[in-house]
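Undergrad: Each chain, written out:
There are 4 protein chains.
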Amino acid sequence: MSISIGLLGFGKTGSLVAQELVKDSEIQLKWVGRRVIQPNLKFASHALGHYEGFAPFVAASEIDENFIKSNPVDLIIDFSVGASSKLYQMFANQGVKIVSAISKYSDAELLNLSKASASSAILSSPNITLGINWLLVASKLLKQMIPHADVEIVEEHFRDKKEISGTAIKIAEHLNLENNKHINSIRVGGIVGKHEVIFGLPFQTIRLTHESISLSAFGTGAIVAAKWLVHKDNGLYRMESMFYEKFIQHINTLVTQ
Amino acid sequence: MSISIGLLGFGKTGSLVAQELVKDSEIQLKWVGRRVIQPNLKFASHALGHYEGFAPFVAASEIDENFIKSNPVDLIIDFSVGASSKLYQMFANQGVKIVSAISKYSDAELLNLSKASASSAILSSPNITLGINWLLVASKLLKQMIPHADVEIVEEHFRDKKEISGTAIKIAEHLNLENNKHINSIRVGGIVGKHEVIFGLPFQTIRLTHESISLSAFGTGAIVAAKWLVHKDNGLYRMESMFYEKFIQHINTLVTQ
Amino acid sequence: MSISIGLLGFGKTGSLVAQELVKDSEIQLKWVGRRVIQPNLKFASHALGHYEGFAPFVAASEIDENFIKSNPVDLIIDFSVGASSKLYQMFANQGVKIVSAISKYSDAELLNLSKASASSAILSSPNITLGINWLLVASKLLKQMIPHADVEIVEEHFRDKKEISGTAIKIAEHLNLENNKHINSIRVGGIVGKHEVIFGLPFQTIRLTHESISLSAFGTGAIVAAKWLVHKDNGLYRMESMFYEKFIQHINTLVTQ
Amino acid sequence: MSISIGLLGFGKTGSLVAQELVKDSEIQLKWVGRRVIQPNLKFASHALGHYEGFAPFVAASEIDENFIKSNPVDLIIDFSVGASSKLYQMFANQGVKIVSAISKYSDAELLNLSKASASSAILSSPNITLGINWLLVASKLLKQMIPHADVEIVEEHFRDKKEISGTAIKIAEHLNLENNKHINSIRVGGIVGKHEVIFGLPFQTIRLTHESISLSAFGTGAIVAAKWLVHKDNGLYRMESMFYEKFIQHINTLVTQ
Numbered sequence: 002m003s004i005s006i007g008l009l010g011f012g013k014t015g016s017l018v019a020q021e022l023v024k025d026s027e028i029q030l031k032w033v034g035r036r037v038i039q040p041n042l043k044f045a046s047h048a049l050g051h052y053e054g055f056a057p058f059v060a061a062s063e064i065d066e067n068f069i070k071s072n073p074v075d076l077i078i079d080f081s082v083g084a085s086s087k088l089y090q091m092f093a094n095q096g097v098k099i100v101s102a103i104s105k106y107s108d109a110e111l112l113n114l115s116k117a118s119a120s121s122a123i124l125s126s127p128n129i130t131l132g133i134n135w136l137l138v139a140s141k142l143l144k145q146m147i148p149h150a151d152v153e154i155v156e157e158h159f160r161d162k163k164e165i166s167g168t169a170i171k172i173a174e175h176l177n178l179e180n181n182k183h184i185n186s187i188r189v190g191g192i193v194g195k196h197e198v199i200f201g202l203p204f205q206t207i208r209l210t211h212e213s214i215s216l217s218a219f220g221t222g223a224i225v226a227a228k229w230l231v232h233k234d235n236g237l238y239r240m241e242s243m244f245y246e247k248f249i250q251h252i253n254t255l256v257t258q
Numbered sequence: 002m003s004i005s006i007g008l009l010g011f012g013k014t015g016s017l018v019a020q021e022l023v024k025d026s027e028i029q030l031k032w033v034g035r036r037v038i039q040p041n042l043k044f045a046s047h048a049l050g051h052y053e054g055f056a057p058f059v060a061a062s063e064i065d066e067n068f069i070k071s072n073p074v075d076l077i078i079d080f081s082v083g084a085s086s087k088l089y090q091m092f093a094n095q096g097v098k099i100v101s102a103i104s105k106y107s108d109a110e111l112l113n114l115s116k117a118s119a120s121s122a123i124l125s126s127p128n129i130t131l132g133i134n135w136l137l138v139a140s141k142l143l144k145q146m147i148p149h150a151d152v153e154i155v156e157e158h159f160r161d162k163k164e165i166s167g168t169a170i171k172i173a174e175h176l177n178l179e180n181n182k183h184i185n186s187i188r189v190g191g192i193v194g195k196h197e198v199i200f201g202l203p204f205q206t207i208r209l210t211h212e213s214i215s216l217s218a219f220g221t222g223a224i225v226a227a228k229w230l231v232h233k234d235n236g237l238y239r240m241e242s243m244f245y246e247k248f249i250q251h252i253n254t255l256v257t258q
Numbered sequence: 002m003s004i005s006i007g008l009l010g011f012g013k014t015g016s017l018v019a020q021e022l023v024k025d026s027e028i029q030l031k032w033v034g035r036r037v038i039q040p041n042l043k044f045a046s047h048a049l050g051h052y053e054g055f056a057p058f059v060a061a062s063e064i065d066e067n068f069i070k071s072n073p074v075d076l077i078i079d080f081s082v083g084a085s086s087k088l089y090q091m092f093a094n095q096g097v098k099i100v101s102a103i104s105k106y107s108d109a110e111l112l113n114l115s116k117a118s119a120s121s122a123i124l125s126s127p128n129i130t131l132g133i134n135w136l137l138v139a140s141k142l143l144k145q146m147i148p149h150a151d152v153e154i155v156e157e158h159f160r161d162k163k164e165i166s167g168t169a170i171k172i173a174e175h176l177n178l179e180n181n182k183h184i185n186s187i188r189v190g191g192i193v194g195k196h197e198v199i200f201g202l203p204f205q206t207i208r209l210t211h212e213s214i215s216l217s218a219f220g221t222g223a224i225v226a227a228k229w230l231v232h233k234d235n236g237l238y239r240m241e242s243m244f245y246e247k248f249i250q251h252i253n254t255l256v257t258q
Numbered sequence: 002m003s004i005s006i007g008l009l010g011f012g013k014t015g016s017l018v019a020q021e022l023v024k025d026s027e028i029q030l031k032w033v034g035r036r037v038i039q040p041n042l043k044f045a046s047h048a049l050g051h052y053e054g055f056a057p058f059v060a061a062s063e064i065d066e067n068f069i070k071s072n073p074v075d076l077i078i079d080f081s082v083g084a085s086s087k088l089y090q091m092f093a094n095q096g097v098k099i100v101s102a103i104s105k106y107s108d109a110e111l112l113n114l115s116k117a118s119a120s121s122a123i124l125s126s127p128n129i130t131l132g133i134n135w136l137l138v139a140s141k142l143l144k145q146m147i148p149h150a151d152v153e154i155v156e157e158h159f160r161d162k163k164e165i166s167g168t169a170i171k172i173a174e175h176l177n178l179e180n181n182k183h184i185n186s187i188r189v190g191g192i193v194g195k196h197e198v199i200f201g202l203p204f205q206t207i208r209l210t211h212e213s214i215s216l217s218a219f220g221t222g223a224i225v226a227a228k229w230l231v232h233k234d235n236g237l238y239r240m241e242s243m244f245y246e247k248f249i250q251h252i253n254t255l256v257t258q
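Chains as they are written, first to last, in the numbering used here: chain Z, 2 to 258; chain Y, 2 to 258; chain L, 2 to 258; chain C, 2 to 258.
Check before you lean on any hint, since a few could be wrong.
Given that identical chains are not distinguished, each listed pair holds provided it fits within a single copy or across any two copies.
Listed next, the in silico DSS-like pairs over lysine-lysine satisfying Cα-Cα at most 25 Å (straight line) [what the hints assert, rightly or not]:
| hint | residue 1 | residue 2 |
| --- | --- | --- |
| 1 | K87 | K163 |
| 2 | K171 | K13 |
| 3 | K162 | K13 |
| 4 | K247 | K43 |
| 5 | K163 | K31 |
Keep in mind that the hints were calculated from the coordinates and are not lab data.
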């Protein structure tokens with residue numbers, strides 16, 4: 002079975018994600034929504050270095066009900082901006098599912114997701130990489146199993162990232178840590194992104210470390226999320242939902258071995 | 002509720018474990034079995050630096066049915082040698098549960114455990130630290146969720162540890178890795194013990210790292226195992242069983258949140 | 002003062018190096034030698050995303066004495082192949098200095114370098130990054146200061162790198178270690194390149210770790226080497242020479258503080 | 002040649018240091034100064050688990066000119082408290098050299114060292130481990146060679162260490178970093194002590210990491226310092242002085258190779 006996909010956003014991350022979508026044999030990238038279209042660059046495939054022209058660009062302003070009806074897809078992957086959420090109800094009405102990798106939504110935008118999820122399956126994750134989501138779930142489970150452990154988060158990023166990593170803040174929330182006391186932010190050189198959760202017991206330490214090598218990791222995550230979401234009922238899902246579900250599934254297999 | 006415990010073994014690790022047992026308010030260390038008794042040192046408590054005399058030493062050769070009947074305990078913690086398993090059936094017959102932290106058993110000795118577990122609850126683990134067991138379970142789950150990832154194990158120990166870490170071998174078995182190809186053994190200086198499992202994907206890596214600071218970590222693990230095992234039915238348990246059970250318990254809570 | 006440079010090689014690494022050369026205000030990239038020239042791509046600048054046309058490509062076969070006389074440069078940076086060393090005597094005769102970052106030379110090719118260095122200054126380094134060269138020098142000094150320490154090298158690279166890292170072998174040679182016993186090679190996912198030297202003493206460990214984020218690091222190193230080499234007399238230099246010289250210079254300042 | 006030594010201080014660290022002194026064949030531990038003497042424990046050797054009685058304890062209040070004249074040593078190693086510095090002039094007058102490992106001195110006490118160093122050789126270091134001193138020197142040299150790198154310090158210690166690591170502060174001063182901005186302090190579980198200096202460049206990172214396994218590392222450092230100091234003229238030395246001297250010595254050998 003093949004999943005047909007429309008991608009929103011073709012910035013630094015979006016174009017790397019498109020590259021991963023094009024490489025996956027079970028996925029068909031139908032079109033790519035973009036704020037502005039350059040007249041001499043009609044196909045995302047060309048921008049990705051392919052000779053054949055496929056996955057045409059479409060201006061964001063032209064994505065409406067008519068467009069979707071004549072360019073139907075199973076699922077939208079959204080790497081654009083929070084404002085695109087105003088299209089979600091329309092997508093949902095057309096039976097299109099949505100994977101959103103937008104890193105920050107306003108409250109009004111969150112409402113768009115919530116409403117649209119009554120009519121379709123929507124998964125939203127500010128950091129859709131497999132590694133980070135595994136880190137979230139695994140560290141939460143570890144915290145509950147050794148509640149007396151001390152927990153600290155270390156996040157390392159490139160020098161120009163001014164704010165604290167949103168992912169680190171999310172991990173801290175997951176672990177019920179006071180953010181401003183337990184997140185340690187290192188800023189040096191060109192580090193793509195590293196998150197470490199340290200659990201300290203009196204006689205041992207456990208560390209869970211995720212290191213990003215390239216932003217293409219977002220593509221891998223979005224693909225896994227998409228393949229999972231197409232089988233899901235209406236509702237609003239987090240990336241962790243998938244991990245919890247898979248954890249349970251595998252744990253039960255393991256235990257009965 | 003307090004758990005009364007008999008400890009077998011008072012070597013380098015055994016005495017550190019005894020120290021942890023004595024510190025735990027929910028545990029009563031009743032006696033300590035030891036190969037040879039020094040005439041002027043009758044109490045484990047003295048060897049541990051306490052002024053009061055409690056937890057008397059008993060020679061291994063004197064631990065028999067009569068001894069147990071007059072010195073009853075809820076549970077035995079075994080940090081001695083594989084040969085002590087010949088006592089397990091007798092313990093089991095008296096309704097005593099057993100936590101065994103013996104690192105290597107012969108096949109004949111394993112049979113002792115298996116037989117005795119028909120009449121009592123026995124938990125056996127070659128590395129009973131919380132951290133290593135969490136590593137085992139968490140890395141197995143991660144492997145099943147990203148089966149296409151490359152996996153390598155790095156283990157670091159003090160220079161004089163000649164053989165490959167038994168714990169690393171166990172991790173490799175858990176992950177269905179060919180031991181001799183994927184375990185990397187580093188031997189330098191006085192490192193107590195470090196195990197790392199590296200998962201590599203094209204654009205990201207995940208590392209699970211456990212570092213031992215002191216052999217007292219075996220005491221913490223044995224205590225947690227003991228407190229879990231006292232509620233269990235007859236049968237042979239691995240330390241992982243406890244972790245899987247706790248994982249499932251916590252996952253279900255999380256998912257329903 | 003500005004240094005005029007000719008670059009040999011425009012492969013994966015060579016083009017990243019070119020990008021760094023173009024960004025440096027004290028360097029002028031005059032031309033780029035390349036095996037084959039594509040008719041519709043005449044300037045390296047275009048391939049690097051610049052609108053202006055500069056740094057023209059020149060076919061390797063056309064680089065001869067006449068070409069150099071009419072396209073003079075202060076220094077050649079070579080990221081091509083070992084065979085280019087047959088041009089070195091000609092460059093040297095024209096007073097052009099050479100920074101070679103070729104990773105492997107045959108014995109015959111090494112002779113080309115050695116001969117040409119009688120007439121010019123040549124620096125040759127199989128891994129010209131600042132970090133690796135610092136690692137070489139610093140770990141050698143540490144080894145001499147704590148000769149009784151155990152030393153192990155760990156190198157991590159992307160899965161498809163089949164052979165042992167040449168840089169790790171060089172480090173091992175520098176430290177008088179038997180390569181095949183003390184280099185531990187980890188191959189997973191897309192790791193760009195990581196080298197770690199571990200020094201173990203009975204009660205402490207010291208680790209020196211270099212991690213490559215991008216092959217552009219070769220550009221940074223080549224530039225630093227070039228700026229140092231332009232002030233040097235005829236002779237064959239290694240990248241370490243520069244580091245030793247700078248170490249001495251700085252140490253003397255420090256000691257007199 | 003054997004060095005005769007008097008040790009001041011027999012606390013947690015002092016006793017581990019004594020153990021190392023006793024093990025070294027080139028050193029003779031003559032006596033151990035201690036605040037209070039227990040009547041039934043006359044020899045440090047007994048407290049260290051030896052059967053023979055040697056290295057007698059002496060009460061701090063009895064260490065005066067007469068005592069030193071009748072119990073002469075080549076060198077004092079001081080792991081006691083800052084106040085012991087009031088004895089230094091007297092030691093110096095007797096031709097005794099001093100290795101001080103006191104972590105914090107008041108200004109008045111520092112004056113004691115400075116005055117006494119006119120008559121003897123005194124080496125003072127708040128963290129006398131080999132690893133930390135190598136880290137200080139190597140990171141300072143690296144900073145000078147790549148001045149444009151971003152530098153961050155990470156220090157990890159056991160939970161109950163409330164203040165910022167004095168060693169981390171010293172490293173920051175060495176590197177001209179603003180302490181409060183570039184030191185990241187992690188406090189979890191029972192970590193003995195870990196210091197890491199991270200150098201970040203746009204395309205690569207270099208990390209220098211020192212990890213303490215046991216406080217006995219202070220013994221190793223004190224011994225190396227003592228063996229170096231006995232050959233030195235009057236003056237006040239820092240542990241780094243020794244490292245700089247050895248660096249220069251080795252660098253010159255290397256360069257002429």
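Undergrad: All hints are to be evaluated individually against the structure, with a verdict given for each.
TA: A quick look at each hint next to the structure:
1. K87 <-> K163: neither (29 Å within a copy, 50 Å between copies)
2. K171 <-> K13: within (23 Å within a copy, 37 Å between copies)
3. K162 <-> K13: Within one copy only: 16 Å inside a chain, 28 Å across chains, cut-off 25 Å.
4. K247 <-> K43: neither (40 Å within a copy, 53 Å between copies)
5. K163 <-> K31: neither (36 Å within a copy, 37 Å between copies)
Checked against the numbered hints above, the structure violates hints 1, 4, 5; every other hint is satisfied.
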